[in-house]
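Residue strings, one per chain:
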Amino acid sequence: MEDYGNSDDEHQYLDDDEVDIDDNGYSFEAPATENMARASASSMVIPKESLLAAQMGDLLRVMDLLSLKEKHARTLLIHYRWDVEKVFAVLVEEGKDKLFAQAGVTVVENDHQVPLSQCSSTFCCNICCDDVSPQEVTTMDCGHCFCNNCWTEHFIVKINDGQSRRIKCMALKCNVVCDEAKIRCLVSARDSNIADKFERFLLESYIDDNRRVKWCPSVPHCGNAIQVEADELCEVECACGFQFCFSCSSVAHSPCSCLMWELWSKKFEVESLSLNWISSHTKPCPKCCKPIEKNGGCNMVRCKCGITFNWISGLEYSNGYIEVSEKRPEHGKWRLESYYHCHKLYKAHTESFRLEYEMKEDIQDKIKILGEKDTSSKDFGWIKDGLNKLFRARRILSFSYPFAFYMFADDLLKNEMTREEREIKQNFFEDQQQQFETNIERLSLILEENFEKYSEHQLKDFRMRVITQSVTADYLCRNLYEWIETDLLGSLKHSVHKIAPFNSAAVEKASKIPYC
Amino acid sequence: MASGNLPRRIVKETQRLLSEPAPGISASPAEDNMRYFNVMILGPSQSPYEGGVFKLELFLPEDYPMSAPKLGRICLDILKDKWSPALQIRTVLLSIQALLSAPNPDDPLSDNIAKHWKADETEAVETAKEWTRLYASDG
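Each protein sequence line maps, in turn, to chains A and B. Quick note on numbering: the UniProt record's numbering labels position 113 of the first sequence as 113, and the sequence is numbered without any gaps. Quick note on numbering: the UniProt record's numbering labels position 92 of the second sequence as 92, and the sequence is numbered without any gaps.
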């Protein structure tokens, strides 16, 4: 990619570049099989202080290729949303003139101001209608000339309006973007605060106008931005530790689609308060699942749906006697029809995730103790690996509840499946989910063991169990995820719900940008 | 007509609006506020609005001509993102007059009327004529 300056054959260069993109695409989707495979580096962290350097990288590529000044390269890239490949593609397909015209770039060799300042008579500005001396006017690259005062006011109105990036010439129907150096010069003479604002907007355009770069949505904000290589549909982890969905900038939520997650979080916010009350004051009916509040009387409770059950045991009465019901909602197979249920389990698993995450330090301490012992192997990477697999599996499990709610219970995808189809899929889903859940709990239990006290023999056995169980959990995780991705979401006909491809290396950790 | 500290541009525009008004358009500044204009636009001939007189209020904001004149709720691109300081009150009013000759049902203020216009233009034109007679005619 470095030799494009020498090559006159731009098409050749573009071909090379396209090969590069394909390579990246493949490496992104290829399943990283072992450990924390971060080498692929399809996402990068850009700390605030490196923003300029990152922006310069792209600017230089365009400046070199088209022999442009920085200001023109920036205008071009802002127009094409910092997509250097797109600039090159337009250049090849439509030519330089069109490329420049679309972005409002005019490159002039000679400066118009020279002849104007030579003429001695006064100049009448077409905007304010005042006569000014030729020294107080500015001509833009398009050739339009107005007085400095009008230009300055025009710039200030636009900057305050949040339009710093593409301030157009004042002349009617002129599409040319004003020279940033001239804007800077005129505005800073009037108001340095607004000039600073202008600079900041220009700099941040690299994030705000860039499809491949986003601010980390952490609160309080860590100051970092994340750049991804190719695919917008991915989940990344910022250097600050925050994991988020690159596409919607909220917390990483797969296997929920962005829309599902948005609906869920709104619903969750509104309903969790009342649901808290419901869960502490009511019990669900064993048959219809509706929450029931008991405000007095004996323990024989009759639900509106017609059944009578024992309040304490939750068991159904039949002819006055308790009949052992096969399915009790609290212990039995959970019912997707009920938001209450999905909500409860989502919350429970999110809480388990939090607790397990806290276990991380504990485990590191235990590993340290082991390391000080006289053991034959000092490599405990498998424990960390098991823990990371547990984190990922638990996270996916928690989000599989809101997913299930929208997939099977809510009306969101009502028109996508017949009732029979839905039931078949739902049963299969619940089956897999339950198996997955059981294995996560097993892995969690194993990792909780006090392995630092183990003898060499016990440790070997522990190692085997950790590895086997984490591989099993990971396998089930991948199965469930890919089934959701391809069969459930992939087969939707009327709506689009995409999720980030499964990557067993957990949410991708963004690597540090190389030039900082 | 005290012009006070009125920018030269506004003074010049006002003078020209009064001395050589555009056909079918009159705009005169209010006595107490030279940035406030009472506007009358005649319905263009051969349009359903023919014979009607349409009254508008136009206000020039502090940063005019960097910002567009304020004109109430009219969907016109040059009053929004396509505004250029090189445009004038006169050009804006001419554009509004042109809009009366060729209404744009794709960018309506009222959805219902636009739907009506698209579904049955003949009938919509009749309604427009009727309303012009009822609400936009003198006497």
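Source of the hints: derived by calculation from the structure; they are not laboratory data. What you are looking at is a predicted structure, and each value in this text was computed from that prediction instead of being measured. Among these hints, one or two may not hold up.
Listed next, with one range per pair, are the computed distances between beta-carbon atoms [what the hints assert, rightly or not]: (1) 115/B with 157/A: 56 to 62 Å; (2) 115/B with 354/A: 38 to 44 Å; (3) 16/B with 200/A: 57 to 63 Å.
Simulated coverage check for chain A against chain B, where a stretch passes if three residues somewhere in it have a Cβ under 8 Å from a Cβ of chain B [to be verified]: (4) 121-131; (5) 152-160; (6) 171-185.
Note that beta-carbon positions come from the ideal geometry of N, C-alpha and C, so glycine has one too.
Q: Could you say whether the range 57 to 63 Å given as a hint is met by the Cβ separation of residue 16/B and residue 200/A?
A: Given range 57 to 63 Å: violated, Cβ gap about 41 Å.
Q. Quick check: the segment 152-160 of chain A, covered by chain B? Criterion 3+ residues, Cβ under 8 Å.
A. holds (count 4)
Q.
Taking beta carbons only, do three or more residues of the segment 171-185 of chain A come closer than 8 Å to chain B?
A. It holds: at least three residues are needed, and the segment 171-185 of chain A offers 4 whose Cβ sits within less than 8 Å of chain B.
Q) Counting residues of the segment 121-131 of chain A whose CB is closer than 8 Å to a CB in chain B, do you get three or more? A) holds (count 5)
Q) Has the hinted range 38 to 44 Å been met by the Cβ atoms of residue 115/B and residue 354/A? A) violated (53 Å)
Q. Is the distance from the Cβ of residue 115/B to the Cβ of residue 157/A consistent with 56 to 62 Å?
A. Violated: the Cβ-Cβ distance is about 37 Å, outside 56 to 62 Å.
When held up to the earlier numbered hints, the structure conflicts with 1, 2 and 3 and fits the remainder.
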